[in-house]
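Q: Sequence:
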Amino acid sequence: MHMTYFNVSLDATCFVAKNATLVGDISIGEETLILFNAALRGDYGAKIIVGKRSNIQEGCCFHVSPDFDCVIGDGVTVGHGAIVHGCTVGNNSLIGMGAIVLDDAYIGNNCLVAAGSVVVGGTQVPDGSLVMGSPARVKRALRPEEIEELAKDAQSYTEIAYQLADEGIVYRGNTVPLDAPSITLAR
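Residue numbering for the sequence shown follows my numbering, beginning at 620 and increasing consecutively.
Bear in mind the hints are in silico, worked out from the structure with no lab data behind them. Fair warning: this is a prediction, and the values are worked out from it, not measured in the lab. Don't take every hint at face value.
[Unchecked claim] In silico PhoX-like cross-links for lysine-lysine, where the CA-CA straight-line distance does not exceed 25 Å:
(1) 758 <-> 771
(2) 637 <-> 671
(3) 758 <-> 671
(4) 666 <-> 637
Using the sequences and the hints, build the whole thing.
A: Here is the structure:
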């Protein structure tokens with residue numbers, strides 16, 4: 620299998636922590652924030668695509684399988700220490716701290732995967748669902764105010780991203796140095 624290491628594409632308006640690791644076939648969208656010690660590896664025959672205004676928090680691990688891209692929608696929050704592997708997460712969803720989402724799982728739009736949950740491979744989660752447990756199961760539909768809160772949470776991280784960049788704590792997408800030690804930009 621051919622491994623792709625040097626194909627990271629960053630939107631000029633995204634934000635990346637200086638110690639985040641991005642390797643492989645990766646695309647990061649507008650105003651998305653990748654925080655400290657996050658590791659994104661799109662180097663195993665598939666790609667990672669992160670949409671607009673999403674936030675990937677501290678210590679997250681994203682990876683792919685040869686048959687499964689890792690696709691994250693717009694306005695998604697991925698909580699501290701989550702593992703997201705070869706799956707799809709719809710717009711305005713939240714993956715809780717320490718949750719694991721495995722190959723070929725599909726998380727719909729406006730969903731909340733509770734902290735510590737394990738979404739096994741092949742699971743299909745309908746839009747607007749609260750999912751929890753190990754293995755994770757749909758517990759109920761989210762209420763409109765809960766869905767609104769998911770959007771507010773993602774927006775708050777976009778605001779934090781601008782503050783971190785203004786303080787020089789994270790790179791803006793158009794300022795990542797070509798020799799950044801942990802980010803392998805397209806060559």
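Q: Taking the hints in turn, state whether each one holds.
A: Results for each hint:
1. 758 <-> 771: Measuring from Cα to Cα gives roughly 22 Å; hence the hint holds.
2. 637 <-> 671: This hinted pair holds, its Cα atoms lying about 20 Å apart.
3. 758 <-> 671: This hinted pair is violated, its Cα atoms lying about 28 Å apart.
4. 666 <-> 637: holds, 22 Å
This entry does not satisfy hint 3, going by the numbered hints stated previously; all others are met.
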